[in-house]
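Residue numbers (the working numbering), protein chains in the order written: chain H, 1 to 429; chain B, 1 to 261; chain R, 1 to 283; chain G, 1 to 352.
For the record, the hints were derived by calculation from the structure and aren't laboratory data.
There could be a bad hint or two in this list.
Here are the computed lysine-lysine pairs in the BS3-like style, where the Cα-Cα straight-line distance is at most 30 Å [stated by the list, open to error]: (1) Lys88(H) with Lys284(H); (2) Lys28(G) with Lys336(H); (3) Lys170(G) with Lys224(B); (4) Lys199(G) with Lys170(G); (5) Lys116(G) with Lys186(B); (6) Lys2(R) with Lys28(G); (7) Lys170(G) with Lys10(R); (8) Lys338(H) with Lys30(G); (9) Lys176(B) with Lys116(G); (10) Lys58(G) with Lys21(G); (11) Lys30(G) with Lys330(H); (12) Lys30(G) with Lys173(H); (13) Lys10(R) with Lys116(G); (14) Lys143(H) with Lys224(B); (15) Lys100(G) with Lys336(H); (16) Lys8(G) with Lys330(H); (17) Lys96(R) with Lys11(B); (18) Lys30(G) with Lys181(H); (19) Lys176(B) with Lys173(H); (20) Lys176(B) with Lys368(H); (21) Lys100(G) with Lys199(G); (22) Lys21(G) with Lys181(H); (23) Lys352(G) with Lys116(G); (24) Lys176(B) with Lys199(G); (25) Lys11(B) with Lys116(G); (26) Lys129(H) with Lys11(B); (27) Lys143(H) with Lys100(G); (28) Lys260(H) with Lys216(H); (29) Lys186(B) with Lys8(G); (30) Lys176(B) with Lys48(H); (31) Lys10(R) with Lys4(G).
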Amino acid sequence: MTDMKINVHHITRVEGHGNIVVNVVNGELEQCDLAIVETPRFFEAMLKGRHYSEASHITSRICGICATGHATASLRATENALGVVPTKQTELLRKLAFFGEILDSHILHVYMLVAPDFLGVGSVIPLAKQEPEIVMRALRMKKLSGDLCAIIAGRHTHPIAMTVGGFTHYPTKEELLDIRKRFEAVRVDLKETVDLFESLDLPAFTRETEYIALRKPDEYAFIDGEIASSDGGTWPLEDYLSVTNEYLVPHSSAKHAKNKRNSYMVGALARINVNFDKLHPHAKSVAEQLGLAPVVTNPYAISVAQVVEIVHAVEESLNILDELVGNCLKWEEPVKPKRLSGEGVGAAEVPRGTLFHHYTIEDGVIQKANCVIPTGQNLANIEADMRELVPTILDKSQAEITQSLEMLVRAYDPCISCSAHLLNVEFVR
Amino acid sequence: MAQYERYIRPKVAFFDFTSCEGCQLTVLDSLQTSPELLDMIEIVEFREAMSERSNEYQIAFVEGSCTRPADEERLKTIRSTASLVIALGACAHLGGINAIKNLRPLPEVRADVYGDKADWYDTYAARPISAVIDIDGFIPGCPIDRDEFIRVVKMLLQGRQPIIPDHPLCIECKLKENVCLYLRGKICLGPIVRAGCGAICPTYGDGCEGCRGLITNPNLDSMKMVLEEHGLSFEEVEQKLSMFMAYQTAGIKSEAEGATS
Amino acid sequence: MKTLTEVVTKSPSIYQPVPARIVSIEELTETEKLFTVALPGGLSLHHSPGQFLQISVLGIGEAPISISSSPSRSYGTFELCVRRVGDLTTALHNLKRGDIIGVRGPFGRGFPVGRLRGKDLIFVAGGLGLAPLRSLIYEVLDQRGNYGQLSVLYGSRCPSDLLFKDELAEWEKRDDMTLSITVDHPDETWFGEVGLVLNLFDDIYPNPRNAVAVVVGPPVMYPSVIERLLSLQIPEGSIWLSFERRMKCGVGRCGHCQLNHIYTCREGPSFSYSEIKDLEEAL
Amino acid sequence: MSYKIMPKSALNDWVQHLRQKFTIVAPKPKHGQFVFGEVTDASEFALDYPSTVLPPKKYLVPTQEELLSYSLDGSHFEMRTEPVPTVVLGVHTCDLHGIKLLDRIFSQGYTDTHYKTRRNSLYLVSYECFEPCTEHSFCRSMGTLSATDTFDLHIINLGEDFAFEIGTQKGESLLEGFQSIFNVTEVDIERINTVHQEKWQRFPYRLDFDVTELAELLTNSYTSTYWDELGDICLGCGMCTQVCPTCYCFDIHDEVDLTLDGGHRVRTWDSCQIRMFATVAGGHNFRAEQAARQRHRFMRKGKYQEDAYGLVGCTGCGRCAQACLVDITPVKTFNELYKRRNNIAEKETEAK
Ligand SMILES: Cc1cc2nc3c(=O)[nH]c(=O)nc-3n(C[C@H](O)[C@H](O)[C@H](O)COP(=O)(O)OP(=O)(O)OC[C@H]3O[C@@H](n4cnc5c(N)ncnc54)[C@H](O)[C@@H]3O)c2cc1C
Ligand code: SF4
Ligand code: SF4
Ligand code: SF4
């Protein structure tokens, strides 16, 4: 085959709108793009002029799947800007809600979006007919994670009770005990999940790249920390721009990013590669069972890394629940800002990777806002993977090549509506 | 809805425009509590969750606002294919969060964001889909309420026009026996906003922000007075009302001033 | 024979309908259908003209519908004339012969049949108002000797909206009553009267001392018709009206049908003008 | 009238005693207010509480109540009102008045079996008020400050002890088998009398006229322009009716199962303050203006319910006044109407 054109219009089972464009002329790869065609959302422009208290509610609408993550990063940015230090209890509750979202998103991704590829069906809907057990298990686990978010923040998509400085609502002790019981029981489903993924064969493809994630000395970082690279080096959050180095490309309404190399990866696999030593022991042993030993360079293994994180999140949630119940949750009014002007960066490891929010606030009103989204950071890396993958499979049929590429893109779990946020940036091209 | 029709396992398609896809996610979540849904409707297109596609469907749920001229074509195709088009969520129903950008002149917003590459991307003032095509119903909320989605599906299956509450949120908030946020020193748009969400925001300690849109007969003047009495400046009142309802409160005035090329 | 009311009041809940079967459906106009409904074995409806039933389509809801047939002509069945306007009525229109509906009732105070005895009667119907009046018309026709003259004035929007066309033709032929009909919007088939129902009064010369008027129609019709009747010297207590309100319970509790202090469903739906003339929310 | 005495320290033991047979509900704190809710221990509730967000009517007419479930083919109906025997602790006397009115409303004509079943399984333990519960209450003006009936047990706080006035057999049964219950002595009776006498002066009259004039005042004020003034500012939010112990209007709707083979008939609270309340097919609204809706509300409270059921429809609890964001209150409204009527009367006499 000397000439080939692949154009996947609107990749399915991903969040948002993206196209894969591959053009092979005379056996040479001329073009290999992941085009993000999502409509630009203008969130940074929308934040300008709004009161700081609205920021987390507006930015959670960047994405329905990582809404709690956006809210968390947004609140941390505001809090850093206004000198608010949340209490220990607030941190624990935020982490719990955050784990709820990690679980919800990862379960959605591995079961409903990725698993159909490996099980040879078009989607979760025929899968529900073919393997009802698997789908029911996924729905059960998803309901548990959704319910966790709900008792803490009202709901998972667009959480309500999370506010600058704390919470406007607290779960009751009964609710915590009840959900704790269910978390314990879910370990059975976890085992089945691990077994399922152990049985799946990942495409054999590897490409080494730079892996970036937040890192903390005493825990597997999800909220706050410093930026760490597998190529070495750490940066304080405030220096995030020197890591992400965003630039625009014409075929995409989302920005690309690069650090030391031409691209880098964020997300579950990057986190495992950077923070393996901080995983919960159970999660570590699951990683071993699934053959995940850092540094893992197969991007298709992102889904496996997500399974490991599911285990981690369940175990850590149980610990936090114990701590909260043990110390008996008390009513705390949100911590009031010390000042109404300032600049701050907030960061979180949302399901798809490192998320930064950066606000400048004057007299309580947001003057400037910037959000750097995980999928945007991954785009250049996905394209680099595609460019390396395509020549190795050119002997296959166009349908097979398309399938491999779609699976690759899907493995990254791109959150395209997030990434099409577009900011005020220098154009590098 | 002009004519009532009874549906037996209708073909149903989901489409998304400018949005966070949280409403589609809520639809997926509804399967957790209502798995029978898959027996009652045949989902033929749901890009977020499945690869299968179809050009044949009776009911279309459309999520997201229309934010660029190119969207209009797609919306019209959906309209001409489906017997029933239902707006799913605040973006499609009201314009929602997306319409905040309409509050400033579009050229300014575009320049602000794209710099000298403004013509790379296609955009205009965000609008509800009803500004582009006729719709047969809507499910309000940001995101939609899971139970309300199921309720609407049931009504569609029965051949009924979906009934969405048109009374103020306070009614529902009191049924939940919440202590009014105004008595807790906060503010809330409950008295002028459509109920149906179970007053979830006040229940979780946060004032209603109006994601379900205004009731048919809101007493806006009186509401503004109440907000001002509770310490909001005129601008803050306007801003409160514009979080989800910027399209309604400001219209698409900015469009006239800005180029839509 | 047991009455429906007995069954309804003895059932565990006053809100529980009795299932009844549709035995025939006749399409009267584009928007109105006449349903003939059979109560389950051995039950009688035992109603008086002007009363209504709460009709359910299970899974959709319930609405008040007047009984359109007359007590003198019900043999285990009764008739409902239903206009398709919304949720429940559309669902009813979608039903077929043999389908089950729920019925509760009969509720309310019907027309004052006793007071009509020996009187000259003027029945004024606007649109769907003919449906409840039909019940009364047959009551009168079937006991013809008990009443004086009978004039029926019927106004409709257009010729195709006329209800019970066959029966109208029959009534027209009878010499023991007079029927006059008018339409707002005539078409090429129409050779009759055109305009408001008020015009029909030009041809009647009631004896005010012996006349009773019964008026049923849309809210907009009442003020002008009442004014005309009063100008004909008909006493306020001899002008009877029937009111439509939203009704959820039928038993004087849900509050929707209240006009001032009166529960229309319980104290009405028919009232004499003297009873309600001072109530602002009545007209 | 028979009394029993219980030391206050035995309250929790009594609660535990009752819990063996009953669900106990009592006023629990919530964000600076109180709500009736289930309790398992005396530490969870307060008997000296200001007022609750919703009155105890929610146990008689639940905010949402399934009346029936059925199969769509009509072959099967089921009424599922199976309330658990419940003791309501700490009902204020104004709320007793509210329940007394509801009792009459739901039993006249066709009895509402749902209400009746719930009512029969409810044990009302009321609590003597010693001072106005909120700045908005005006129970003294409405004549609802003392309890003479409707309660099963009535508690009077005597400092160290509680006195129980036994209202019914049901009430008596709540004390059966409990150890720390003692017979009254003469001293106790004296204490009860003193407490009763002393409390009255702490409650001000807040209406400028006697409540017996209220119905007539409203009749004469039907055409007052004051209603239009209220209509202009009223938000139509319906909070006032939702929190009122004597508002009971409801909606009934059907909820079908997703499989479309069964369904439920559900009753929910409704409010005369919302637009659709009196709208009929064709769109005609018999109370189209908010002014008319407010007038209807106050006419019911001050006149219609009294005419129909012999009890004034406002208990003076003050809940609606506390709820209303634009400060439309019965006291202000009734006094303003009174003032205006007097002004008119004065002008008329002057003119003569
Ligand atoms: C005593 C009595 C006797 C009657 N007798 C008859 C009779 O014999 N025959 C007959 O056909 N009718 C009769 N009616 C009228 C009948 O009860 C109504 O037409 C019926 O209740 C309509 O119910 P529905 O569910 O079909 O309409 P609904 O769905 O309730 O709609 C009714 C109207 O209100 C509007 N509407 C409903 N909900 C809303 C909303 N949320 N917002 C805005 N608009 C809304 C609809 O557009 C429609 O126009 C009688 C009524 C009474 C009180
Ligand atoms: S909190 Fe909001 S919705 Fe609830 S009663 Fe108060 S104003 Fe109404
Ligand atoms: S609470 Fe106040 S504003 Fe709301 S409906 Fe009642 S009177 Fe009107
Ligand atoms: S009208 Fe107001 S004060 Fe009177 S009983 Fe009702 S809520 Fe209480």
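Going through the hints against the structure:
{"no.": "1", "hint": "Lys88(H) with Lys284(H)", "in the structure": "27 Å, holds"}
{"no.": "2", "hint": "Lys28(G) with Lys336(H)", "in the structure": "28 Å, holds"}
{"no.": "3", "hint": "Lys170(G) with Lys224(B)", "in the structure": "51 Å, violated"}
{"no.": "4", "hint": "Lys199(G) with Lys170(G)", "in the structure": "28 Å, holds"}
{"no.": "5", "hint": "Lys116(G) with Lys186(B)", "in the structure": "40 Å, violated"}
{"no.": "6", "hint": "Lys2(R) with Lys28(G)", "in the structure": "51 Å, violated"}
{"no.": "7", "hint": "Lys170(G) with Lys10(R)", "in the structure": "27 Å, holds"}
{"no.": "8", "hint": "Lys338(H) with Lys30(G)", "in the structure": "29 Å, holds"}
{"no.": "9", "hint": "Lys176(B) with Lys116(G)", "in the structure": "24 Å, holds"}
{"no.": "10", "hint": "Lys58(G) with Lys21(G)", "in the structure": "21 Å, holds"}
{"no.": "11", "hint": "Lys30(G) with Lys330(H)", "in the structure": "14 Å, holds"}
{"no.": "12", "hint": "Lys30(G) with Lys173(H)", "in the structure": "15 Å, holds"}
{"no.": "13", "hint": "Lys10(R) with Lys116(G)", "in the structure": "14 Å, holds"}
{"no.": "14", "hint": "Lys143(H) with Lys224(B)", "in the structure": "40 Å, violated"}
{"no.": "15", "hint": "Lys100(G) with Lys336(H)", "in the structure": "48 Å, violated"}
{"no.": "16", "hint": "Lys8(G) with Lys330(H)", "in the structure": "29 Å, holds"}
{"no.": "17", "hint": "Lys96(R) with Lys11(B)", "in the structure": "25 Å, holds"}
{"no.": "18", "hint": "Lys30(G) with Lys181(H)", "in the structure": "27 Å, holds"}
{"no.": "19", "hint": "Lys176(B) with Lys173(H)", "in the structure": "20 Å, holds"}
{"no.": "20", "hint": "Lys176(B) with Lys368(H)", "in the structure": "39 Å, violated"}
{"no.": "21", "hint": "Lys100(G) with Lys199(G)", "in the structure": "23 Å, holds"}
{"no.": "22", "hint": "Lys21(G) with Lys181(H)", "in the structure": "28 Å, holds"}
{"no.": "23", "hint": "Lys352(G) with Lys116(G)", "in the structure": "56 Å, violated"}
{"no.": "24", "hint": "Lys176(B) with Lys199(G)", "in the structure": "34 Å, violated"}
{"no.": "25", "hint": "Lys11(B) with Lys116(G)", "in the structure": "47 Å, violated"}
{"no.": "26", "hint": "Lys129(H) with Lys11(B)", "in the structure": "17 Å, holds"}
{"no.": "27", "hint": "Lys143(H) with Lys100(G)", "in the structure": "45 Å, violated"}
{"no.": "28", "hint": "Lys260(H) with Lys216(H)", "in the structure": "21 Å, holds"}
{"no.": "29", "hint": "Lys186(B) with Lys8(G)", "in the structure": "38 Å, violated"}
{"no.": "30", "hint": "Lys176(B) with Lys48(H)", "in the structure": "35 Å, violated"}
{"no.": "31", "hint": "Lys10(R) with Lys4(G)", "in the structure": "41 Å, violated"}
The structure does not agree with the numbered hints 3, 5, 6, 14, 15, 20, 23, 24, 25, 27, 29, 30 and 31 stated previously, though it agrees with the rest.
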